[in-house]
Amino acid sequence: MSGAAQGSAATTKAVTDDKSKNGEPAVEKKPAAQLEEDDEFEDFPAEDWTEEDTQIPGGNTHLWEESWDDDDTSDEFAVQLREELKKLGQTK
Amino acid sequence: MSMEAALTGFQQAYYKHDALDLANCLKPTPVDRLYDFWRSTNEVRVEHNVKHAITYGLGGIERAEAQGWIDVFVHFWRASDKIIKADQAQNQGRLSERHAVEVYEAWKDLVQTFQKYIGNGTLPHWIIFTLYFVANDLRKFAIKADTQLAKAKPVTFSAGLSDDVVATTPKNQKLEEAARVFSRIFALCMSDRNPNLSESRKWAVYCIANLQFKTYFKLKTITLCKNLIKSIEAQADMPPWNLYPKAHRVTYMYYCGVIAFLQEDYNKAETALFNSWAYCYKGSTKNRELILTYLIPCRLITKSEIPSAQILQEFPHLQTLFGDLVSSIKRGDLAGFDKAFAEGEPEFVRRRVFLTLERSRDIALRNLLRKVFLAAGYEDLKEGQTEKDRMRRTRIPLAHFATALRMGSGGGQTVDDEEVECLLANMIYKGLMKGYISREHAMVVLNKKGAFPGTGV
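In the order they appear, the protein sequences are chains F and Z.
All residue numbers for the first sequence refer to full-length UniProt numbering, where the first residue is 1 and numbers rise by one.
All residue numbers for the second sequence refer to full-length UniProt numbering, where the first residue is 1 and numbers rise by one.
Rather than coming from a laboratory, the hints here were simulated on the basis of the structure.
A few of these clues could be false.
[Said to hold, decoys possible] No farther apart than 27 angstroms at their CA atoms in a straight line, the calculated lysine-lysine pairs in the DSS-like style are these:
| id | chain 1 | residue 1 | chain 2 | residue 2 |
| --- | --- | --- | --- | --- |
| 1 | Z | K330 | Z | K140 |
| 2 | Z | K434 | F | K86 |
| 3 | Z | K448 | F | K87 |
[Unchecked claim] A few chain Z residues facing chain F, derived, Cβ under 10 angstroms:
| id | residue |
| --- | --- |
| 4 | G119 |
| 5 | T251 |
| 6 | K282 |
| 7 | L295 |
| 8 | K303 |
| 9 | R370 |
Using N, Cα and C, we set each Cβ at its ideal position, and we do this for glycine too.
Let's have the full structure, built from the sequences with the hints guiding it.
Quick look at the structure:
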């Protein structure tokens, strides 16, 4: 069965080479396939490693943002908001 | 080089009981390493030469086991032959799908030979790990074969027939077939009834499951992953989890986490992904990045927390992916959020985090409303009160929130008062803000303590 498929592949290749229409999907497919590949969880270089080689010694303290920058005077929006709210207070 | 010399590495690994070294002897890449072994014999003499080398090389082993190894190496030689020929074809620019398929088929024979002799107890139990590596290469060869077949397909049949062809030959034909081979290996591991756990094939359960996860994700048949997890969880007499190699555990936890994530079970996903993150090998940047790709959206949902600037800096890809969105959330910038979300959409969809991230707009809104609360300042001090008794004003006119929302939505959009009330009620319902709306007074009365839980105020 595979022999038949190969045979027809060989004979039709020449015919379709100049038909860019048929060739296109294959070209388009390639970058998509590479992107998928890119998402794959890779094989590790070793089967096991010590805790020193993991995230554990550092802990997760720096993973999540803990600061709120509430005193940040460069927060333009907060400054503007205060202005606007002040106006509201005056018109009351 | 003689066949005997080419197999010394195998002998050494065998006597050391080192499954990994043994797998290295059967590694198909880079192709150069196959040449010595390949040249040591030919198609006609391969069985004779391998038999001779194994029988004399592994003195004292049982006949049946020797026969197992002879079969393995004969199949390995045949696969090497196909790999070298495909490589030569590629160098000459005449690689066709036929080469890729032949390599895949030959390697599949090798995998199944292993499987047969492990299954009937001829080869020792620890060879199961060698089989894992050999099977992992089968996965790669299957993907290559499918890629080559897909490339060849558009030119194989005339347009009129192509509909039928799509129906009869699936896009991932070889990988689907490989998936069935992996299921049988998985069953081989799970069904080991040896009461002596140190000699159990169950030690390979997670690494084979990982191989299946990777395959199912590629095939987009993620439901099958759930069945796999269920069957492992239902298995009572498994060796202790902590004794499995970290590579197995970290990969398994990553996939469990992503699967829970896709099922929107964010608490379960976070636990699994954090576990994967904590034990992940520090040098594997790509994998750490992948874990965070799901852990970050998870955390947004479970704890309404954003990643630190430091962690995004450490992973430039994540900075590109999430940077604008996260900084908009932090600033409570709804217009910025909408823009970043629209710009990132194709990538968010591709990574399957789109729907989860969409829900994080609530956090941007929470942060905006929080700014209104902060801007309201403090109550005047009463007699006898000191600085440390100072209380924030907790009664805030609805109009203030309305102003902030109008400013925050990019100015152009109008937000009517009823919509403001609705948004606030939603925030309260979701527990992102504590308090109630007094419609009578057009006021929002916030809790004196923890008006915006988890945000320090």
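Ascending list of hint numbers which this structure does not respect: 1 and 4
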